[in-house]
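Line by line, the protein sequences are chains A and B.
Under my numbering, the first residue of the first sequence is numbered 508, with each subsequent residue one higher.
Under my numbering, the first residue of the second sequence is numbered 1347, with each subsequent residue one higher.
The hints are simulated quantities; they were obtained by calculation from the structure and are not laboratory data.
There could be a bad hint or two in this list.
Pairwise CB distance ranges (calculated) [claimed, not checked]:
#1 B:Ile1474 - A:Glu544: 54 to 62 angstroms
#2 B:Val1416 - A:Pro523: 22 to 30 angstroms
#3 A:Pro523 - B:Ala1645: 30 to 38 angstroms
#4 B:Gly1594 - A:Glu672: 31 to 39 angstroms
#5 B:Gly1685 - A:Glu848: 47 to 55 angstroms
#6 A:Gly694 - B:Thr1550: 33 to 41 angstroms
#7 A:Gly694 - B:Val1416: 32 to 40 angstroms
#8 A:Pro686 - B:Asp1443: 53 to 61 angstroms
#9 B:Pro1439 - A:Gly548: 53 to 61 angstroms
#10 B:Asp1443 - A:Ile532: 52 to 60 angstroms
#11 A:Met508 - B:Ile1432: 42 to 50 angstroms
#12 B:Val1456 - A:Pro523: 25 to 33 angstroms
So the derived list for chain A, only partly shown, Cβ under 7 angstroms to chain B, looks like this [claimed, not checked]:
#13 Leu509
#14 Thr632
#15 Arg705
Positions of the beta carbon are idealized from the N, C-alpha and C atoms, including for glycine.
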Amino acid sequence: MLRTQEYFLNFGPQHPSTHGVFQIILTLDGERIVKGEPVCGYLHRGIEKLAEARTYTQVIPYTDRMDYLAAMLQNLGYVQAVEKLMGIEVPERAEYLRVISGELSRIASHLIGIGVNALDIGAFTGFLLCFREREKIMDLLEELTGSRMTLSYARIGGVADDAPEGWLDRLKKLMDEMPGYIEEYQGLITGNEIFQARTKFIGILSPETAINYSLSGPTLRGSGVNYDLRKARPYGVYDRFDFEVPLGENGDCFDRFLCRMLEMEQSVRIIQQAVEQIKEVDGPVIGKVPKVLKPPKGEVYHEIESSKGIIGYYVVSDGSNKPYRVHVRRPSFINLGYLDEMVRGYLLADVVAILSSIDIVLGEVDC
Amino acid sequence: MLENLFVGIAQWLRALLGGVGVPVEINEAIVMLVKLVAILVFILINALWLVYMERKVAAYMQARIGPNRVGPKGLLQTTADIGKLISKEIIIPKKADIAVFLISPVLIFVPTLMVFAVIPFGKNMAAIDMNIGVFYLLAIASLSTMIFWMGGWASNSKYSLIGAMRVVAQMVSYELPLVLGLLGVIMIVGSMNMSDIIAAQEHTWFIFTQPVAFLIYFAAAVAETNRCPFDLVEGESEIIAGPYTEYGGMAFAMYFLAEYANIMVICAMATIMFFGGWHAPFGLTFIPSWVWFFLKMYALIFIVMQLRWTYPRIRVDQLMGFSWKVLVPLALANIFITGIGMKIYQAMGW
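Required output: the full structure, derived from the provided sequences and hints.
So this is what it looks like as structure tokens:
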């Protein structure tokens, strides 16, 4: 009788498909996973602590560095939290610009999400085609904000600047083309037999577990739980748009992937409506905000729907011009919580499929 | 003139050496040596260009331009890459089995070079015309399993070991449908000599009489060379680079070039077995036979490359299932039907 034994495999932190410096200590029996222990913290920069030594406005660029793929949504969560704390009114035009840039960020982030998912399963072409469209979105964001990834576009009380001339038309043109591109990905990636064989019924997450583990975003909705903050508790001007929340059925890797794909379509719809509605709204893009921000003593928690899930900012003020404490509920980090149980019993190749179906960004996991 | 270019060179060499009074045995040995060196140079240079071709094909499929800086249209890109890799240090892991670790990237080229000896690139253009050519080719080609395993085991790394285990499992599983797929053709021809097989396709290529066999052969052959969608052995998103994980510099490049040389082998084999070898289609005989051979071979290589950049990678259990549950039964059914067909043809007196 042959004696077999389990062995450890250090999956990361330097590994091509852990999306950065993430480590999973796998216990393997042959190629089958017995246990997968996630280890994070390799990219920890202490953003929360740094925020304590900066003024309220100076914290904004730090939020960019968390989920750098959807920087606008990170900015937005923070500034809305501070606005809530100080009771600042935001002009309508700024709200629309926030929605537009936020949804553009979401599409860009989801493009990476689905592209990397395809790449991890081995389809390199799908990945690069997604980058092609992301590039166009990056160009638009660069025109609007002056930066491609770390936007820092949101300001407390509004946004940095109005859209340049003709920008909304260029945006509209891209959004009209976008459904065609999405169809292309659907054909190349979603419709691929091998892709489906690799992702269907892999890493199944039941709705109950997803709720119990406080998962959010497409990871949660892939399991069929209809919870999108933009619909459930609309913030900003999200209540003015008509869009749907795509849901999965089985809660497997494929459903999570498909949710992202369909969410992009919905984001395109939102942007198209916003571009129409913003035409009727004129006025400043930043409200009346004092030069030196000194929020009253107190604390506030505000959460929005980021591309990865619910991002929440907890800001405590001691009345000075610097926050006493900032804590961020990072969706990538919390979504990882269930990883161990999710990979157990699957094969080594499934680990990468499951990990990329959660769609993490290490900047956000480690903060 | 062009048709017999290479044959002519060989005869001229023989005549030259005979003229200065070299004995016949030594004369033949020198000619054989020249042939082998020519094949060696051809394979290495071809592998270099295939890497370039792969990168260009990939780029155009992915809306990019691809290499375009080094040399005209980037043609010298791989040459420059290899130059860089040669100048790099080969890092040997501390606990590696040094002898085996270092010898396997050298050995990886041996089976590939050996099989080229029997491939007829044109009319009368096989280095050795062996009567069991197909058998020899299959037997030698399967040797590379051992060398991958050696490299993976000697690296003493877990990723390499997983990769090496996958090599063995995959190659053993796909050897069977590969051989069974070719058996249909061999049954019809009744010979394993490659020249005979090509001669039998003068009027009808076997792709038309044995289409299923071709599909089985092609799928199995792509798996044999560890190409996508069967590239689990390298599976860069799972096990980094499989058996080559610990290799750097030229040692890695040897594995890399051997992969392209292997693609050439399987496509040359497909050309011989199913696409009429060097026979010209539609009576276009004014183009030399070896040009036809290469045209067909490169067309097939192009298809292999397109597969690589279209499909995701399948999982290890699906890979095994595909071989044992789909390809092997299909190949057996194909042999059965071919046998019945042949008997019917004979009974009808054709």
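- Message: Need the list of violated hint numbers for this structure, in ascending order.
- Response: Violated hints (numbers, rising): 4, 9, 10 and 13; every other hint is consistent with the structure.
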